[in-house]
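Chain A is already provided as a structure; the job is to place chain B on it using the hints.
Chains as they are written, first to last, in my numbering: chain A, 1 to 199; chain B, 1 to 195.
In case anyone wonders, no lab produced these hints; they're calculated from the structure.
Treat the hints with care, since some could be wrong.
[What the hints assert, rightly or not] Computed far set for chain B versus chain A, every beta-carbon distance over 12 angstroms:
1) T40
2) L68
3) A162
4) D165
[Stated by the list, open to error] Mimicking BS3-like on lysine-lysine, the simulated pairs with C-alpha atoms at most 27 angstroms apart in a straight line are:
5) K121(A) to K14(A)
6) K6(B) to K14(A)
7) K196(A) to K168(B)
Just so it is clear, CB atoms sit at the ideal spot from N, CA and C, and this is done for glycine as well.
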Amino acid sequence: MKEFWQNFVNAIFKENPILILMLGLCSVLAVSTSVQNSLGMGLAFSFVMIFSNILVSLLRPITPYNIRIPIFIIAIGMFTTIIDLVMSAYFTELHKSLGIFIPLIVVNCMIIGRAEAFAYKNSVLNSLADGLGMSVGYLWVIVTLGMLREFLGSGTILGIPILPGIFKPTLAFIMPPGAFWGIGFLIALLNWAGNKFRR
Amino acid sequence: MESLMKLFSLFFFAMIVDNIIFMRFLALCSYVGMTSQFDTSVGMGFAVTFVMVMASVVTFFVYYYILLPLNLVFLRTLTFILVIAVLVQLVEMVIRKTSPYLYKAMGIYLPLITTNCAILAVTFLNIDYHYNLLETIVYSIGVSLGYTIALILLSSIRERLAYSDTPKFWQGYPIVFITSGLLALVFLGFQGMAH
Numbered sequence: 001m002k003e004f005w006q007n008f009v010n011a012i013f014k015e016n017p018i019l020i021l022m023l024g025l026c027s028v029l030a031v032s033t034s035v036q037n038s039l040g041m042g043l044a045f046s047f048v049m050i051f052s053n054i055l056v057s058l059l060r061p062i063t064p065y066n067i068r069i070p071i072f073i074i075a076i077g078m079f080t081t082i083i084d085l086v087m088s089a090y091f092t093e094l095h096k097s098l099g100i101f102i103p104l105i106v107v108n109c110m111i112i113g114r115a116e117a118f119a120y121k122n123s124v125l126n127s128l129a130d131g132l133g134m135s136v137g138y139l140w141v142i143v144t145l146g147m148l149r150e151f152l153g154s155g156t157i158l159g160i161p162i163l164p165g166i167f168k169p170t171l172a173f174i175m176p177p178g179a180f181w182g183i184g185f186l187i188a189l190l191n192w193a194g195n196k197f198r199r
Numbered sequence: 001m002e003s004l005m006k007l008f009s010l011f012f013f014a015m016i017v018d019n020i021i022f023m024r025f026l027a028l029c030s031y032v033g034m035t036s037q038f039d040t041s042v043g044m045g046f047a048v049t050f051v052m053v054m055a056s057v058v059t060f061f062v063y064y065y066i067l068l069p070l071n072l073v074f075l076r077t078l079t080f081i082l083v084i085a086v087l088v089q090l091v092e093m094v095i096r097k098t099s100p101y102l103y104k105a106m107g108i109y110l111p112l113i114t115t116n117c118a119i120l121a122v123t124f125l126n127i128d129y130h131y132n133l134l135e136t137i138v139y140s141i142g143v144s145l146g147y148t149i150a151l152i153l154l155s156s157i158r159e160r161l162a163y164s165d166t167p168k169f170w171q172g173y174p175i176v177f178i179t180s181g182l183l184a185l186v187f188l189g190f191q192g193m194a195h
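Just chain A, with the same shape it has in the complex (with noise of 0.2 angstroms):
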């Protein structure tokens, strides 16, 4: 239990995928131009990533090193499917806005990272403990951005205006810009956090 709750504090903070590790950004600066975008595609991302963690982890025994990482891409590639399927079913409108990147998860490097380091060659539990620990990453980091950029582009968070009248949102937040001033800027507010806190 105790390794259990480690590894999934570690993929919080200290390896978090996005902001230390540098995986998985694509998605991340594409769809956080609004809260609401950021919260779809960090559940269908958390979706794909926790129940592929599990999948190659329960395959371990009968999989060839050989030929790992197409069985890793084709268990990806699966829940993939499934949940680009489900979400054209019952959140079209979300779908549409997220368009691309929900069947572009197959190539999430930080799905296929995770397989390969960490599920492939740990137990079930373990995998999902890092997948959730990841999901959990790479969801307040998205939001976060999400939240920022909504805010500081159109004045918003989740459509309630905040503060009208005082604050004039800026354009280019909501524009590629500004996805890449904002996670540059919480990049390096890890950083300082990480260096305060260390001592």
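Frame of chain A; chain B shown alone:
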């Protein structure tokens, strides 16, 4: 003449206006990972160009002549990623046997390309936009040149950044992203030029 103009505007749109990195945020892993040196970014750019054009053509035939007639469109994601993985492996083997020079120049980048999301994304976009074969080729060349331009731009800037005095917590990746934001702002200026 008019169709030629249309193709040119598609090419320009894919390369600059809708730049795959600055406007669509694809292939960012290689964008931040491979650009610390100028030479590697050029090699990566060429390798991606080569694979992207080939993958677009192959997936075009796979989609319209296999998946669509057999009513297997829902398998698109799985099929395409496998086709690309096999293709990259094949290209690597052929190059290694036939041209040692070319292999030296771009061989090490080829395995990385399988999980480069730009390749898969372009094959999806070709299908989503209903491009015909010629448009598919032009579009994928445009996109990959745009990718190369972005990589070359950033790596040139990063070689200079390495010698400059950056504030402590902004060293490394943060300053790279701030720079990319400024570059994206520049590319935003092309918005609305072509349609």
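How the hints compare with the structure:
no.	hint	in the structure
1	T40	holds, 16 angstroms
2	L68	holds, 17 angstroms
3	A162	holds, 17 angstroms
4	D165	holds, 16 angstroms
5	K121(A) to K14(A)	holds, 20 angstroms
6	K6(B) to K14(A)	violated, 50 angstroms
7	K196(A) to K168(B)	holds, 13 angstroms
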